[in-house]
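Next come the chains, spelled out residue by residue.
Number of protein chains: 2
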Amino acid sequence: MFVADMEKKRKIAYKKVIDAINLHGGTTILSTGITGDDARLAKAVVDAGIKLIEPNHPAVALARGFKGVTNMHAAEEIRHEIPMEEMIKVTKGIRSVVGKDIFITVGVPGGFCEIVPTELPDEVFLQLSREGADGLHIHKASLKDLEEVVNKAHKYGLLVDAYIGHPDDLHTFGLPAGTPEEVSKVAKDMENIGVDFIGLMTGMSYEGAEAGEIHPIVKERLQALVESVKVPTLAEGGINLSNYKAFANTGVNIVVVGTAIDDAVRKAAQDVVKQFII
Amino acid sequence: MFVADMEKKRKIAYKKVIDAINLHGGTTILSTGITGDDARLAKAVVDAGIKLIEPNHPAVALARGFKGVTNMHAAEEIRHEIPMEEMIKVTKGIRSVVGKDIFITVGVPGGFCEIVPTELPDEVFLQLSREGADGLHIHKASLKDLEEVVNKAHKYGLLVDAYIGHPDDLHTFGLPAGTPEEVSKVAKDMENIGVDFIGLMTGMSYEGAEAGEIHPIVKERLQALVESVKVPTLAEGGINLSNYKAFANTGVNIVVVGTAIDDAVRKAAQDVVKQFII
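For the protein sequence lines, the chains are A and B, in the order given. Residue numbering for the first sequence follows this note's numbering, starting at 20 and increasing by one per position. Residue numbering for the second sequence follows this note's numbering, starting at 20 and increasing by one per position.
Please note that the accuracy of each hint is not assured.
[Unchecked claim] Okay, derived cross-link-like pairs now, DSBU-like style, lysine-lysine, Cα gap no bigger than 30 Å in a straight line:
| id | chain 1 | residue 1 | chain 2 | residue 2 |
| --- | --- | --- | --- | --- |
| 1 | B | LYS34 | A | LYS293 |
| 2 | B | LYS238 | A | LYS293 |
| 3 | A | LYS174 | B | LYS86 |
| 4 | B | LYS264 | A | LYS286 |
| 5 | A | LYS111 | B | LYS111 |
| 6 | A | LYS293 | B | LYS286 |
| 7 | A | LYS286 | B | LYS286 |
| 8 | A | LYS30 | B | LYS293 |
[To be verified] Here chain B is said to cover these stretches of chain A; the calculated rule only asks that three of the stretch's residues, wherever they fall, bring their Cβ under 8 Å from a Cβ of chain B:
| id | segment |
| --- | --- |
| 9 | 35-48 |
| 10 | 65-77 |
| 11 | 86-100 |
| 12 | 108-117 |
| 13 | 269-282 |
[As the list claims (entries may be wrong)] Which stretches of chain A does chain B cover? Using the computed rule of at least three CB atoms under 8 Å from a CB of chain B, they are:
| id | segment |
| --- | --- |
| 14 | 52-61 |
| 15 | 287-295 |
These are computed hints drawn from the structure, not numbers from a lab. The beta carbon of each residue, even a glycine, is placed where N, CA and C say it ideally should be.
Sequences and hints are given; from them, build the entire structure.
Given below as structure tokens:
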């Protein structure tokens, strides 16, 4: 692959993210869930000002009723079975309607910690990149696996957003790090291998935060991340309209929002049809 | 194909529709648009009480960002290019999440008036029927073409809902009939060839009805339909929360609702993300 061309592609994509962060006062939204894979709703949120979009394979499983899954926990169990062709088509479709200035990062089978053997061959990186992806949304759980993905992604002009989880998380969505010191160390390791955007999973392990607040342990971990790296940072999981300001106040640059939108959309559809049939 | 088995399949499907009409006091909803092809939202509206669901190929074109289409007019231009395999997968996915008691009628390439040559081979009827369709949502524009579809549909255990349009409609979505007398005659012709549910396009031709009312010409035409046939009747096009009661008062049994839900869903997604990024 042509190295300088792909460097240029990555630079253009990186600028989209930086511009969005600046436009939205330091913290922007990565819109996912139904707005990540349904072209009608991706277009709708982009029209409303969203600059970053994330299709991913578990959400596509839910969108397609794949194997009858109706909740995220069930979708995580079978996400690796979503055909790669489907994710490439989703990427192409979303790109077709949102235009070239929107940043699209894609979650694909093999890109998460998949204990069912799932390869991610060069051809997939090439096709995703050609069909409209700017980046890959990666939830690998080891630095070595992550480095392999980062190198291939960069080769084909794709950036990588990757995540840190807690060792006790129910689902493994990133490199494990418990204490703020461990978060800081892992984040620096990720930066060193070239991860372009580093995130923390914020909704997986802790319950009992006050409405509108971040759990103190999550806050400490998130601040450790934000203070440890120079690349843009993300928070993913459990973020809604009530606690969003508290998250933004940590200085995190990108907040991943899926469920909060999915829930509102589901409720809107139900509210309309209930009015018709009562 | 086994005749009696398929008769039995049709009888079970027919009962789903009759039960829904009775349950909802004489007029029920056929939910389409995003609730017809996105399994998350099909499940949501079924949980809210909807019994009849309609995936169709132009809506799937919009869902997938197929060829970059972002509005229904553009989708109608390329709908025949949606691969049949996609519609079969959609049918299977929706059936997987809504369960066996929901009536699913499917719009597929070839089932509408498609002036681009589009065949509808027996194999498609068989596959749709096996993967979960109860019926086909048909917008053929001639009695002869419609009869061909009805015969094949019945052979494979599928019911048919088909429609009457106005000769001056922008898009051709049914058999043409202008005056109430013509509507009555065409409806009886459709009933005679075995159409199971007969609909009238109600939102294509007329502007200027008062909010909450039906345009008098549409009302006359709809009443002509309702009074002319014994099979359940449908109204499709331009029906929303404001004019729904007026439609139900004509005695029509099924009201097709798509845009009213799509608009509410789109607005809900936009409202949420705007609150995040302001």
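For each hint, the structure was consulted:
Taking the CA atoms of LYS34 of chain B and LYS293 of chain A, the gap is near 22 Å; set against the 30 Å cutoff, the hint holds. Taken as a hint, the LYS238 of chain B and LYS293 of chain A pair is honoured in the structure, with Cα atoms around 24 Å apart against an allowance of 30 Å. A hinted pair counts as satisfied when its Cα atoms are at most 30 Å apart, and LYS174 of chain A with LYS86 of chain B qualifies at roughly 28 Å. For a cut-off of 30 Å, the pair hint linking LYS264 of chain B to LYS286 of chain A stands: about 22 Å separates their Cα positions.
Distance restraint check for LYS111 of chain A and LYS111 of chain B: the Cα-Cα separation of roughly 23 Å lies within the 30 Å cut-off, and the hinted pair is therefore satisfied. For the proposed pair LYS293 of chain A and LYS286 of chain B, the alpha carbon gap of about 17 Å is at most 30 Å, so the pair holds. Using a Cα cut-off of 30 Å, the hinted pair LYS286 of chain A and LYS286 of chain B holds, with the two alpha carbons roughly 12 Å apart. The straight-line distance between the Cα atoms of LYS30 of chain A and LYS293 of chain B is roughly 28 Å, inside the 30 Å bound, and the hint therefore holds.
Three residues within the 8 Å Cβ limit are the bar, and the segment 35-48 of chain A against chain B gives 3, so the coverage statement holds. Counting residues of the segment 65-77 of chain A whose beta carbon lies closer than 8 Å to any beta carbon of chain B gives 4, which meets the minimum of three for the stated coverage. Only residues whose beta carbon comes within less than 8 Å of a beta carbon in chain B count, and the segment 86-100 of chain A has 4; three or more means the coverage holds. Closer than 8 Å: that is the beta-carbon criterion, and the segment 108-117 of chain A has 8 residues meeting it against chain B, so the requirement of 3 holds.
Given a C-beta distance limit of less than 8 Å, the hint that chain B covers the segment 269-282 of chain A holds, as 5 residues qualify and 3 suffice. Using a Cβ-Cβ cut-off of 8 Å, 7 residues of the segment 52-61 of chain A lie near chain B, which meets the minimum of three, so the contact claim holds. With a cut-off of 8 Å between beta carbons, the segment 287-295 of chain A has 9 residues touching chain B; three or more are needed, and the interface restraint holds.
Of the numbered hints given earlier, the model fails none.
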